[in-house]
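Keeping the supplied structure of chain Z fixed, place chain W upon it in accordance with the hints.
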Amino acid sequence: AQSVAQPEDQVNVAEGNPLTVKCTYSVSGNPYLFWYVQYPNRGLQFLLKYITGDNLVKGSYGFEAEFNKSQTSFHLKKPSALVSDSALYFCAVGSGNTGKLIFGQGTTLQVKP
Amino acid sequence: DAGVIQSPRHEVTEMGQEVTLRCKPISGHDYLFWYRQTMMRGLELLIYFNNNVPIDDSGMPEDRFSAKMPNASFSTLKIQPSEPRDSAVYFCASSLWTGATNTGELFFGEGSRLTVL
Numbered sequence: 088a089q090s091v092a093q094p095e096d097q098v099n100v101a102e103g104n105p106l107t108v109k110c111t112y113s114v115s116g117n118p119y120l121f122w123y124v125q126y127p128n129r130g131l132q133f134l135l136k137y138i139t140g141d142n143l144v145k146g147s148y149g150f151e152a153e154f155n156k157s158q159t160s161f162h163l164k165k166p167s168a169l170v171s172d173s174a175l176y177f178c179a180v181g182s183g184n185t186g187k188l189i190f191g192q193g194t195t196l197q198v199k200p
Numbered sequence: 007d008a009g010v011i012q013s014p015r016h017e018v019t020e021m022g023q024e025v026t027l028r029c030k031p032i033s034g035h036d037y038l039f040w041y042r043q044t045m046m047r048g049l050e051l052l053i054y055f056n057n058n059v060p061i062d063d064s065g066m067p068e069d070r071f072s073a074k075m076p077n078a079s080f081s082t083l084k085i086q087p088s089e090p091r092d093s094a095v096y097f098c099a100s101s102l103w104t105g106a107t108n109t110g111e112l113f114f115g116e117g118s119r120l121t122v123l
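Chains as they are written, first to last, in the working numbering: chain Z, 88 to 200; chain W, 7 to 123.
Isolated chain Z, as found in the complex (with noise of 0.2 Å):
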């Protein structure tokens, strides 16, 4: 069975500081990777994943995940940190050749000025 952990509820960071929001999964065979972001009273949106190739994935706004498969992580991460950058973030796992993902409870990130 497929799962992710998020262990953070919230993460807290200044503004020009780099940020990490933590992911952790769990799938049997390959897993396929994403991270969305949430705005308040909107639908989720795609940041970035990763299949397979290099470990450093580059996405949308600035972020870019790292994957490691010995630990099992796909944590997301950004040089800079905004405050629009204050949102939900959500990471999710897949496998196999379904279109299933099963997503993580999200990570408050909170930029402050």
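The set of hints was computed from the structure by calculation and includes no laboratory data.
On a predicted model such as this, the values are computed, not experimentally measured, just so you know.
We put the beta carbon where it would ideally sit given N, CA and C, even for glycine.
Hints are not guaranteed to be accurate.
[As the list claims (entries may be wrong)] Which residues of chain W face chain Z? A partial, calculated answer using Cβ under 10 Å:
id : residue
1  : VAL10
2  : LEU102
3  : GLY110
4  : PHE114
[Unchecked claim] Computed footprint of chain W on chain Z, listed as stretches where at least three residues anywhere in the stretch have a Cβ under 8 Å from a Cβ of chain W:
id : segment
5  : 132 to 138
6  : 187 to 199
Only chain W this time, still in chain Z's reference frame:
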């Protein structure tokens, strides 16, 4: 493309009433998903379809919930009878998967916020 379109955006109803939520996926996408989001349970996958066929409905809470996809451009999620604990935001999402090495991301609608009094 207009994206995934959901209706209604907001629904307030009384316990016992029937609720129907609607979704139009992105044209050409072959997967459609219904998720439910609550503060307590986060984002839960209720059911998903591939080429209009239900593949996994193990997330549907109980028999009061049903979902259909009569064609590639329309799906419904029905709750009958509704209960206060069904209050949540219901999201529809679609994707295009062209093979094991070319997977597509989910595109979400804006959600339908359901309040059952």
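Query raised in the report: Are PHE114/W and chain Z close enough, Cβ to Cβ, to be under 10 Å, as the hint says?
Result: 4 Å, holds
Query raised in the report: Once the shortest beta carbon distance from GLY110/W to chain Z is found, is it less than 10 Å?
Result: 7 Å, holds
**Report entry** Coverage criterion applied to the segment 187 to 199 of chain Z (partner chain W; beta-carbon cut 8 Å; 3 residues)
**Finding:** holds (count 7)
Query - Per-stretch coverage check for the segment 132 to 138 of chain Z, three Cβ contacts closer than 8 Å to chain W - result: holds (count 4)
Query raised in the report: Can VAL10/W be said to touch chain Z, with a Cβ gap under 10 Å?
Result: With a closest approach of 8 Å, the VAL10/W hint holds.
Query raised in the report: When the nearest CB of chain Z is found for LEU102/W, is that gap smaller than 10 Å?
Result: 8 Å, holds
Consistency note: the structure conflicts with none of the earlier hints.
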